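Enquirer: Sequences are here, hints too, so could you generate the full structure?
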Amino acid sequence: MGRYYWSKKNTVEDSTKLSIAKLKEFGLLEGYRSTTLTWTWSLSGHKSSVGIAINVLDEPYYAKLNYTITDRNSGEKTDYDYKIGLTTTPCHYGGVRYWFICPLVRNGVPCGRRVGTLFLSSGGKYFGCRHCYDLSYESRNECCLGRFGQLGYVLKAERQVEELREKVKRWTWRGRPTKKVRRINAITRRIESYPSGVNWESLLI
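Using my numbering, the final residue of the sequence shown is 205, and nothing's skipped along the way.
Since the hints were made in silico from the structure, they are not lab data. Quick caveat, the model's predicted, so the values are computed rather than measured. Please note that the accuracy of each hint is not assured.
[To be verified] Listed below are the simulated DSS-like cross-link pairs for lysine-lysine, each with C-alpha atoms no more than 30 Å apart in a straight line:
1. Lys77 with Lys64
2. Lys125 with Lys83
3. Lys156 with Lys167
4. Lys167 with Lys77
5. Lys169 with Lys64
6. Lys179 with Lys83
7. Lys77 with Lys156
[Said to hold, decoys possible] Taking CB as the label site, the calculated pair distances span:
8. Thr68 with Lys179: 21 to 29 Å
9. Arg182 with Thr70: 24 to 32 Å
10. Pro177 with Ser122: 33 to 41 Å
11. Arg176 with Asp71: 46 to 54 Å
12. Lys179 with Ser74: 49 to 57 Å
13. Thr70 with Gly116: 47 to 55 Å
14. Lys77 with Gln160: 20 to 28 Å
C-beta: ideal position from N, C-alpha, C; glycine also.
Expert: In structure tokens form, the structure reads like this:
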């Protein structure tokens, strides 16, 4: 059994998440597309939205984001408008898989990490990878005795899926899913019946 520990770090569950998988699901990784993505948090009912324009028609590929952040203390609003680079890796039987290039800079050094998911953490201004934000998981913020069995499993499983996706280099081999992909699919099937904490919406323009 894995070892659990108490962590006070910000978590991926409390962050706004932008994933390549969702962009593909919404059909946004085709030529040039623009839309508004909306997240609805199930516990508070609060909604967050981000305008996004994606170019995979001509290189360099990119995702252009625009959104507004309101300071909770002063109520001051700040607009953000910037591009995030996209890169690809070839799939074994044709086609490509898209990745974000993390745009954040830590200690004066650009991250540039290739990731499938970016986060806007609490107090953050720009979307970046979980490594730059040093994000933890909710399952690690609870002691072992305080965990609810099924909920703890779902959170741990979602973390495993995300970590595996970042490690996948080849999705198929000789017409069959690779070992990592089969593991991702198996874990995903187990958690499909559980409701997600955030509902995604895409308002296509």
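Enquirer: Is 20 to 28 Å respected by the C-beta to C-beta distance linking Lys77 and Gln160?
Expert: Hint violated: Cβ distance 38 Å, outside 20 to 28 Å.
Enquirer: Kindly confirm whether 33 to 41 Å is satisfied by the beta carbon distance between Pro177 and Ser122.
Expert: Holds, at about 36 Å.
Enquirer: Would you check the hint for Lys125 and Lys83, treating anything up to 30 Å between C-alpha atoms as holding?
Expert: 14 Å, holds
Enquirer: Measuring from beta carbon to beta carbon, are Arg182 and Thr70 in 24 to 32 Å?
Expert: For Thr70 against Arg182, whose Cβ atoms are near 44 Å apart, the range 24 to 32 Å is violated.
Enquirer: Does the alpha-carbon distance linking Lys167 and Lys77 stay inside the 30 Å limit?
Expert: With Cα atoms ~37 Å apart, Lys167 and Lys77 exceed 30 Å; violated.
Enquirer: If you draw a straight line from the CA of Lys77 to the CA of Lys156, is it 30 Å or shorter?
Expert: Violated, because 35 Å separates the two Cα atoms, which is more than 30 Å.
Enquirer: For the range 49 to 57 Å, tell me whether the beta carbons of Lys179 and Ser74 fit it or not.
Expert: Since the Cβ atoms of Lys179 and Ser74 sit about 51 Å apart, the hinted range of 49 to 57 Å holds.
Enquirer: Against the range 47 to 55 Å, how does the distance between the Cβ atoms of Thr70 and Gly116 compare: consistent or not?
Expert: 28 Å, violated
Enquirer: Check the following: the C-beta atoms of Arg176 and Asp71 are separated by a distance inside 46 to 54 Å.
Expert: 51 Å, holds
Enquirer: Can you confirm whether the C-alpha distance between Lys156 and Lys167 stays at or below 30 Å?
Expert: Cα-Cα ~17 Å, so holds.
Enquirer: Mind checking the alpha carbons of Lys169 and Lys64 for me, to see if they're no more than 30 Å apart?
Expert: 26 Å, holds
Enquirer: Could you tell me whether the CB distance from Thr68 to Lys179 stays inside 21 to 29 Å?
Expert: 43 Å Cβ-Cβ, so the 21 to 29 Å window is violated.
Against the hints set out earlier in the document, violations occur for numbers 4, 6, 7, 8, 9, 13, 14.
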